[in-house]
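So the protein lines, in turn, are chains A, B, C and D.
Residue 242 in numbering that gives the first Met the number 0 is what sits at position 243 of the first sequence, and the numbering runs on without skipping anything.
Residue 353 in numbering that gives the first Met the number 0 is what sits at position 354 of the second sequence, and the numbering runs on without skipping anything.
Residue 13 in numbering that gives the first Met the number 0 is what sits at position 14 of the third sequence, and the numbering runs on without skipping anything.
Residue 88 in numbering that gives the first Met the number 0 is what sits at position 89 of the fourth sequence, and the numbering runs on without skipping anything.
Hints are not guaranteed to be accurate.
No copy is singled out in the list; a pair is fine if it fits within one copy or between any two copies.
[As the list claims (entries may be wrong)] The calculated DMTMM-like cross-link candidates involving lysine to aspartate or glutamate, where the alpha carbons are at most 20 Å apart (straight line), are:
#1 K320 <-> E269
#2 K324 <-> E269
#3 K144 <-> D198
#4 K190 <-> D310
#5 K324 <-> E261
#6 K190 <-> E269
#7 K190 <-> E37
#8 K190 <-> D314
#9 K86 <-> E318
#10 K190 <-> D71
#11 K320 <-> E261
Derived by calculation from the structure, the hints in this document are not laboratory data.
Fair warning: this is a prediction, and the values are worked out from it, not measured in the lab.
Number of protein chains: 4
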Amino acid sequence: MSSTFGSVFKISTWGESHGVGVGVVIDGCPARVPLCVEDIQHELNRRRPGQSAIVTPRSEEDRVEILSGVQDGLTLGTPIALLVRNKDHRSSAYDEMQHTYRPSHADYCYDAKYGIRAWAGGGRASARETIARVAAGAVAQAVVKTLSPGTDVLAWVQQVYTCVCPTAPADVQRAVVEGNIVRTANETAAKEMTQSILDARGRGDSLGGVVACTVRNCPVGLGDPVFDKLEATLAHAMMSIPACKGFEVGSGFAAAQCSGSEHNDTFYMEGARVRTRTNRSGGIQGGISNGEDINMRMAFKPTATLMIEQDTVNDEHQEVKLRGKGRHDPCVLPRAVPVVESMAWIVLCDHLLRQQAVSCIS
Amino acid sequence: MSSTFGSVFKISTWGESHGVGVGVVIDGCPARVPLCVEDIQHELNRRRPGQSAIVTPRSEEDRVEILSGVQDGLTLGTPIALLVRNKDHRSSAYDEMQHTYRPSHADYCYDAKYGIRAWAGGGRASARETIARVAAGAVAQAVVKTLSPGTDVLAWVQQVYTCVCPTAPADVQRAVVEGNIVRTANETAAKEMTQSILDARGRGDSLGGVVACTVRNCPVGLGDPVFDKLEATLAHAMMSIPACKGFEVGSGFAAAQCSGSEHNDTFYMEGARVRTRTNRSGGIQGGISNGEDINMRMAFKPTATLMIEQDTVNDEHQEVKLRGKGRHDPCVLPRAVPVVESMAWIVLCDHLLRQQAVSCIS
Amino acid sequence: MSSTFGSVFKISTWGESHGVGVGVVIDGCPARVPLCVEDIQHELNRRRPGQSAIVTPRSEEDRVEILSGVQDGLTLGTPIALLVRNKDHRSSAYDEMQHTYRPSHADYCYDAKYGIRAWAGGGRASARETIARVAAGAVAQAVVKTLSPGTDVLAWVQQVYTCVCPTAPADVQRAVVEGNIVRTANETAAKEMTQSILDARGRGDSLGGVVACTVRNCPVGLGDPVFDKLEATLAHAMMSIPACKGFEVGSGFAAAQCSGSEHNDTFYMEGARVRTRTNRSGGIQGGISNGEDINMRMAFKPTATLMIEQDTVNDEHQEVKLRGKGRHDPCVLPRAVPVVESMAWIVLCDHLLRQQAVSCIS
Amino acid sequence: MSSTFGSVFKISTWGESHGVGVGVVIDGCPARVPLCVEDIQHELNRRRPGQSAIVTPRSEEDRVEILSGVQDGLTLGTPIALLVRNKDHRSSAYDEMQHTYRPSHADYCYDAKYGIRAWAGGGRASARETIARVAAGAVAQAVVKTLSPGTDVLAWVQQVYTCVCPTAPADVQRAVVEGNIVRTANETAAKEMTQSILDARGRGDSLGGVVACTVRNCPVGLGDPVFDKLEATLAHAMMSIPACKGFEVGSGFAAAQCSGSEHNDTFYMEGARVRTRTNRSGGIQGGISNGEDINMRMAFKPTATLMIEQDTVNDEHQEVKLRGKGRHDPCVLPRAVPVVESMAWIVLCDHLLRQQAVSCIS
């Protein structure tokens, strides 16, 4: 009831951080979509630990294996199963966590809900779970790009702690984002953010931030009012990413202090195309894409595992002290970028297929 | 694919603003829950137009009829169908909208998606659609209060335009909120917000704002990782409410500029109960309720219909001018409060039943 | 969790036999499908009680009201809500059933499952529930005929008690079926079946039988292996009809005593079209329609309510005697014909839309 | 949209016969259910090819690997991923099938639906797909037996071609069934069936038959009217098994030639328990289990692959001849027995959890 997502393009993910591996089954993928293992591996490499100086030094290779649903570089229309085996286990680093609840982690809640917990490395509540999202996202991306070649999704780190990247969404370039280890959209911001992450790590501390994401050339007409409005399913998708605390689309919380005359996006014609002069709607009106860029922002809290001693309780309900061990990201933002993009691709793909299901009467 | 919501407690809403009526079918409601028509009508009256000087003067009575699923004040376990007939039609006020797209409304997108549009009053994209949410929410509330008597949901207007209500979530009292027409948590703020709404209406303008919502005494263990985390389904529910542009839980966007040492909620014991000293997690950790108050904030944009002339285009793709007619809310926030509470009850009810489904091994 | 059916074309039915009414909400219907109230009423009239000498004499008019989703004779793409109010209540006929379990009825099981029961007239377990199926089926039919104009569904009574109608599925004509009150495909059989039904009624008894159904000109490619094979979803749909005890497709149970060389359908070319020389597959291979007629047979048990005294128990678990009262069909078959057709249309419509969702890569 | 099944206990299967492997992800399994790899392997061994003289001699070991969701012999409440790698590939046996459609196989329909086909060994349409059903069924069985220890599911071959096993469902013993290679309930029938299967193989032919299944000590109250009646979901499950052509419950097609007075199951009290004197209802009334044995029968067609030359067409739409190669079951029935049981366990498990979700009001 919990690890499946999507309505037509349906993903079902599985895997504990220190189990055999993690993976996903994708049911509802159209046939004859070009797809190869490299497409998926490319995205996984962007999410991989150990890729830079500011992320966790764990060295998982995260090699993906396509188990079904693809033949000679084309999807078969049957379920696509993807598997990434776990490699670099260091469970001993987690021994203390077996009975002690890490503050602001899922440990206590998993015990309370399930009465059992895969304590090593966070189990299902580990960020390792997002591998399956990224793998599924790569498949979704292949589908969307086949059906709507111009559509693109681009995410970047817009804020780390107090440092805000000033680049406007429309000006963000993928080459710049991928050209710095923070994955922000501006070189100066990248340097400042990198330094503050390194400083935080030095203190055994961690930092929060904001990932922004823009969808360019989204087909008009995606989204299913009233409950599966495009922004509602995007919010669902993004808020399900570990550590995400907030979501906004278009004007977002800034809309609260606007009047209607300040906020409305007036329409005009650009050739044969209906456009809006401003885009406070964030590319979505009435829950349906209007063809303008879809702009979202997601707030991420700082990593909960700290190398600093904290008060907590254990599973015998005694108050104890805990200091984090293991190798953790002092800031999840750089690695969250491909995860955010993946969830956006998955939502777009599902809505695109849903729209095809009913947009049949000529 | 779009007007159903929920996994076990499943609602299916319907209705255009100027059609015969609006309603909902609830499938999956447990049997023998005490429920009477007054329970539902009470909540609908809070949402009703014409209830105060600062909302639309339309005078819909919004009387609900229980068509099935209830007998002698108890639910039967069979689908509950609820119907509210539409009464106060003034379609002529909408004649101009038949062919002209109102800026920042759903008109253009509905035409683009469906190739047809119930233009009178916004059709399915009208705020009238939220009647069905409130009716279903009243049923959900009855279920939750039967299963978990202490649980309560309380929403209030926390911001209108630039005026922010300073009351902390834990201090908000229902009597105060229901005691002023803005439904804010502080009398001074209520006066200021009322005045700014009246001023905006005087100018033919409208105002945005923020609704906050707190869930008190939520059972521990609700939420289904990884995709149906409690905050993810709450975000889905809230972002599907018309005009909602942003959602945050706990620290929300403020988490972005926190370090882990500033942000973590340390655990302690309060008698036999595991508590956190702070609540930046917002009552949810790892996607599962931890028993602390669940605090959310939702940003709402200002009403798009203005009594001010705006540039726009029509369905023949000509650029035209439009000035709103009809009777609209200059600020949706006061009437959004019961809608927000209803969506929270629906999400809680669904998660409570889902949890019962699997929490069976003793 | 129980009164919804369908994946893309999703129906949600509701209503107790002696409540306010019965109805259905259809979510996922494409926009711009021609649909008027008469299309639906026509099918409901075929299901209506009181239509002939061999069915129940209850005189429900069963007038349908379209509450939403249709404008000027076209669907809007939004949920379609349909309502049929109950009229002819005679609850007193059911007073005795309030505490006594009718043999082979749902009474005992509803009490055991829900702990409460809408005892009057069977409540949700009444055949009156099938009104919503027929109403939804009429909408599904409109969609399928718009998308695939040649497709047709034809059901008929193939057996009543020991009398079997000999007409082969391919030879059955709608005019003949609708031309006799039993709805069988042969006039001689009609007379014999009518007489045996009248005889049974005279004895206070009831009769079982078989409804056959053929789908002609079904598009090739419908059905979603592996679990939603076309025959599997048809079986689900048909076996959910009250009193249905068996389902078979193509050769059905006769396949059990065939060898492969007797059973296989060899392929040949008819012009550009791949055909099979025989049709023991029943128009479905590997769970997917192959373009041949889809032939199904459904067994129906005799009506459980008898005007004969029977042994039973009451809700205080005492052994008692019961003689049926009220006005019941001595044979449900004639009125089951439109119900069977409706469920077939609903399944076809859903699979057609599902196929459109994924058959997008050219 | 097709390879997922279940509502709360949700399975998602994947895998082509000649791909890397086959498997299943189970989402919605309760936590703390005792489960070990041997429980699953035991059932897979019953389904395994090469286990006796009358099934295919292919020697797949079908070793299952638990990839997630289980720790120290207990389920975690998180998704359970199971993998069985494919071993014994002999694709060359299928070379001819790459372009030629085997009569009464899925080949043509897959090509027509998907425009592509995993031709080797039938791909997704291979009986190898049922491995995932059996693996998931073993998990479902573990859940049901934990929640309702007395419940048991027993299937057997009741008919092969013209030979019918006379043992009444209530008299069937597991030891007898597992004691003969046909898996029928009577030793004499076993000998006759074995001989007729060997004879058919000798002719290059195949045989159909019937699998019967009984559920003993099913809890009262399972099944969700109106669409997810217990018999409807069982029918869905069974009719999705490859080669299944018919389903009946209780009296089944025999009900057609009964009168009500012949068919009704009268109630009586057996101590505190409500019982029926006969069981033509097959343990289900109104779609809900009544505590009597649930008796089902499923018709299976003869294996389509024959070692006899047949007429057919190829994917260039030319009429050609085809003689089967490879190693196939001359009769699928013996190996269908564990598949039928598995689907029954899966349906029961899902309904048991669904019932727990809503049976909460005391």
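Hint check:
1. K320 <-> E269: Cα proximity of K320 and E269: across copies only (17 Å, versus 63 Å in one copy).
2. K324 <-> E269: Cα proximity of K324 and E269: none, with 57 Å in one copy and 27 Å across.
3. K144 <-> D198: neither (40 Å within a copy, 49 Å between copies)
4. K190 <-> D310: neither (34 Å within a copy, 43 Å between copies)
5. K324 <-> E261: Close across copies (19 Å), not inside one copy (50 Å); limit 20 Å.
6. K190 <-> E269: Result: close neither inside a copy nor across copies, 39 Å intra and 45 Å inter.
7. K190 <-> E37: neither (31 Å within a copy, 55 Å between copies)
8. K190 <-> D314: For K190 and D314, the Cα distance exceeds 20 Å both inside one copy (42 Å) and across copies (49 Å).
9. K86 <-> E318: neither (34 Å within a copy, 53 Å between copies)
10. K190 <-> D71: neither (43 Å within a copy, 47 Å between copies)
11. K320 <-> E261: between (52 Å within a copy, 17 Å between copies)
In the structure shown, a violation is registered for the earlier hints numbered 2, 3, 4, 6, 7, 8, 9 and 10, in ascending order.
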